[in-house]
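Participant: Letter by letter, the chains look like this.
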Amino acid sequence: MPSDGPGRYDLAALLAPTAIARLGAIGVAVAAVAVAFAWTAGWLSPERLTQARMIDAFEVDNGQHAGFRRNHAKGVCLSGWFEGNGAGVKLSKATVFKSGRVPVFGRFALAGGLPMMPDGPNAVRSLALDFSLADGEVWRTGMNAIPVFPVKDPQAFYDQLVAVKPVGTTGKPDPVRIKAFFDANPESARAIAAIKASEFSSGFANAAYNSLNAFRFVDAAGVATAVRWSMVPIDAFAPEPSDTPPDKNYLFDALAARLKQGPAQWQLMLTIGQPGDPTNNATQAWPAGRQTIDVGLLSIVALQSEATGNCRDVNFDPLVLPSGIAPSDDPLLSARSAAYSESFTRRVGEPKTPSAVQAGKGG
Amino acid sequence: MAQRFTLVARLLHWTMAAAILAMLFIGVAMVASLTDYHRLVSIHEPLGLLILVLVALRLVYRLFHPAPPLPRGMPGVLRFAAKASHVLLYALMFALPLVGWGMLSAAGYPIAPTSWLHLPAILPQNDKLYAVLRPTHTVLAFVLFATFLAHFGAALTHALVFRDGVFQTMASWRR
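So the protein lines, in turn, are chains A and B.
So in the numbering used here, the last spot in the first sequence is 667, and the numbers never skip.
So in the numbering used here, the last spot in the second sequence is 597, and the numbers never skip.
Excised from the complex, chain A in its bound form (with noise of 0.2 Å):
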């Protein structure tokens, strides 16, 4: 029986071989829960994809660019609202599909870690958005102006990285790099195909903004539905020009021109997938002649500098979604998610510099 004799707690005591004994095997379980921790961490393997080593493969082949995003570094925040027409609302209870003015803030931006990188016309633009609900929900979305995404999964995304990385004296991808690359993930062969058969548009304003990812949109009764969306501009479609102009911002400068004469506009299209349609890879189009349904107007009214605008702190992450709108099984929504993070707690804690892309009073 335990007593409260003060012996117990005597070095002497500890030293018996007994206590010795237990005292390993102590050592042993607090030591066998300490390493359990570190696995779990990822400290142990090293060899593993985490979010820091996929914001590394970043930064090894853009270098370090301080206080900015490590992808879609180069942009300009917007503001101007989205106006639902109530034709969403039949396949997601989200209220941003009810009728009605939700106010809506974003950033366009050029695909890639170079924040002062020249706009060109194989320049992927992209359009990041924040729709602030009535009720304190927020939906964020960051989609891209390309009909398919290059790659199925975060591996694939890792390998590519690498893949494309700069080398020696050149500071171009190795050939071999790239062609192994695509060897081993034809599906993104497949998908830069598609990218580059599709004409881009000659600026922001005329260009479709796809979410590329699948997600499930559920309705008030619980039932889901597979859904990609895209942004379709009103303005209408021209190609790039065949010069490519010397303003090395030209395509910011005509949006900022554009927003000039009145609001930018976009119609939010749903298409709705059907059964076998793949929602887990965003490599793969779904099949022509989908049913698509308009649920309302997106109309862009202001730019303005990183620096002083809404949007440069802010994590476009694409799963801060409200409800009625859930991730699909693709395996990228939750490795953006991730990855997003990890760039934005590294950038939030850097000192900032100008960005390149100013947006002047009124543009």
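Do not rely on the hints blindly, as some may be mistaken.
Calculated from the model, a selection of chain B residues having no Cβ within reach of chain A, i.e. all distances over 10 Å [as the list claims (entries may be wrong)]:
1. F427
2. H460
3. V482
4. L514
5. A517
6. L520
Simulated crosslink set (SDA-like; lysine to any residue; CA at most 25 Å straight-line) [said to hold, decoys possible]:
7. K397(A) x V554(B)
8. K505(B) x L315(A)
9. K469(A) x D360(A)
10. K505(B) x W436(B)
11. K402(A) x K550(B)
12. K476(A) x A427(A)
13. K564(A) x P579(A)
14. K550(B) x D360(A)
15. K550(B) x G475(A)
16. K656(A) x W436(B)
17. K500(A) x G475(A)
18. K550(B) x T612(A)
19. K550(B) x E654(A)
20. K483(A) x E363(A)
21. K656(A) x D365(A)
22. K394(A) x L539(B)
In short, the hints are calculated from the structure, not lab data.
Given the structure is predicted, the values throughout are model-derived calculations rather than measurements.
Cβ atoms here follow ideal geometry from the backbone N, Cα and C, with glycine treated the same way.
Please arrange chain B on chain A, whose structure you already have, making use of the hints.
Facilitator: The following block gives chain B in isolation, referenced to the frame of chain A:
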């Protein structure tokens, strides 16, 4: 037998022990993962809120139901270590969920631990605040894990080496 913690105190302790240990493992797994990140975040946030609610209940309960006394023969240095580590555990059980809530607020994320529960921001959106709170959350989590290891080792030492009945005050379920 000797005095022990009340049934409510023991239930709170063991429920929170499981929740906090799970939380620490989920936390380190989450910040390293890509494919499982969202699934883990979807557990981490509501579980953190649950822990915050439970520790608040537990502190209030504890004020009205003090812990059983430590054995009379226990040396002062061990008593101090026991008291100090418990104060630290309580402080961390409050601090981690609050810093987590605060850092999400400072980052401008909606605070929605579940789809049906929306909480207000407890701090203004501020990038510099987030830049301080985010690493603070990690450091405090490591301190909590280290404190847990010490607590776990000390409990086993009471049970197997000192055999002074302290372990049984929390671990005995006999009527």
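Participant: Which numbered conditions among the earlier hints are violated in the structure presented, ordered from lowest to highest?
Facilitator: The structure conflicts with hints 2, 7, 11, 13, 15, 16, although it agrees with all the remaining ones.
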